[in-house]
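Asks: Read off the chains here:
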Amino acid sequence: MTAAVAMPLSTGARTRASARRIRALVLRYLLLLRRDASRVIDTFQWALIDVVIWGYLTLYVAGSGAQLPNALAIFLGAAILWNLFFRCSQDVSVSFLDDVWARSLVTVFASPLKVWEFAAAIMLLGLVKLALTLGVMAAAAWFLYAFDLFSFGFALVPFIANLVLLGWTVGLISLALILRFGGRWGILAWSLPVLLMPFSSVFYPESVLPTAARAVAQAIPANHVFEGMRLAAAGGGIAWGRLALASAENLVYLALASLLVAWVFRLALRRGLLPKVH
Amino acid sequence: MPPTPALPAFSESAICVRDLVKRFPHTTALAGISFELRRGEVLGLLGPNGAGKTTTLHVLLGLVQPTSGSVRLLGADPFADRETALRQVGFTSPEAMMDWRLTVGENLRVFAGLYGAPHGAVEQVLGLFELAAHARNKFGDLSLGQQMRAGLARALLHDPAILVLDEPTSSLDPDIADKTRKLLLRLRGERGLSILYTSHNMAEVEEVCDRVIFLHKGHVVAEGTPLEVSKRVLGSEDLDAAAMEEVFLRISRGAVA
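Here the protein sequences come in this chain order: A and B. All you need for the working numbering is the position in the first sequence, starting with 1, plus 33. All you need for the working numbering is the position in the second sequence, starting with 1, plus 110.
Keep in mind the hints are simulated off the structure, nothing from the lab. Even glycine gets a Cβ: it sits at the ideal position worked out from N, Cα and C. Treat the hints with care, as some may be off.
[Stated by the list, open to error] On the chain A side, residues computed to face chain B include the following (Cβ under 8 Å): (1) 38; (2) 41; (3) 50; (4) 54; (5) 60; (6) 69; (7) 137; (8) 149; (9) 307.
[Stated by the list, open to error] Covered by chain A, per the in silico footprint, the following chain B stretches (three or more residues, Cβ under 8 Å): (10) 167–173; (11) 186–195; (12) 201–211; (13) 223–235.
Take the sequences, apply the hints, and build the full model.
Replies: Written out as structure tokens, the structure is:
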């Protein structure tokens, strides 16, 4: 090829090129799922363990005479939804770590790939894996406890959508910190989402939290999701106010996390961090 | 430092680097270097460890932003228009790996997508680098030499106009290294490739490069054909691998300023 000068692409061609690069990266991570048995175990093992542990714990609590209507929906449903959030967050940060561990970050970013395309690819991948995990967990819950996760009906969609958004946000923050401070911060991929758990009212209502913690919980979208889920499980319908608050918070946080990633990426270019992330 | 030769307009060179400065918090990696890679030329970017070669390559590839100065790849700025600049470039380095868990064929398919390589490009480069038999092997199971060849195959997937090759034969045995050099020179002839080439093997440099640039402590300290550089540094009219080795040693030890 001996072009005189590199000709800029048209807007349409750039859009198609972006879509092609995103597709290529999603393909790469899906191929990894096929080639790396540890990735399959990581994707499904914890999900299934959560279903087993929380399912039997719920049966035990319910059998002990505790006054907990819809205990399966409250505990097992919460465990499944929390797992989806955790999975979404982890998929974003671990996909980035995959390139760090494979020492392929330089190879990937020496291509025309843009950082937003990379982020879009790993978030899309999260959706694919979320669908797989959700399917496996819902099937296990039905098979083991005759619990139908989809009995929440339409309410499940906005709950899950909000947890996906929050998962992406936390994953992007982990990614930014790993890029800034190096692969030794990779532990954030697993620990950062867990930090939100005490304030997310996953297995207990917000009302049992101390006042200060309750104030923190108000700022955590997951708290509104799980509170809303409990209301739906109790037959109280969809908590639209909670969902609106969770959505608003999520959109703000996701925008801020995206800005953080963009800022850290520019910093990485200035300081030469990309070739040094190990 | 020799006077910087007048550089042509950006659009006339494959790579044009002007007054490139890169300062990191505790060091100056590049202190204002300028050079061009002409169309169809093989340019050796040489120098001891820490001279600034890798930083230069990283700037060219849009991985490290310069403090000042400019770079153009076929007239395009990799920081202002990544898409236009980098789709013209193929790159390989011992430090730039592919995923060890995927097969060679799978890795190449992924990069074919990233670069928009034409249909059939993967099979073509596998054949070109005699890797077809390893297409189903995991990248991590290949020998270092095979990994290097797979990296070269990746670099050529999208039929780039410019190749940036960082020590492309460093892990190859002499036979494969020789075949690889001949292949690169053949491709240069057939496709009009412009190649920026780094190596510590001076025999290779003398064989492959039309011109060389020596960097030392972030400065260009010598530039020209291997013969011109040898003449200037050694005052010798004879050029062979030993002479280039001596040039390298003198520059590395600061005997050329």
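Asks: Name the hints, by number, that the structure is in violation of.
Replies: 8
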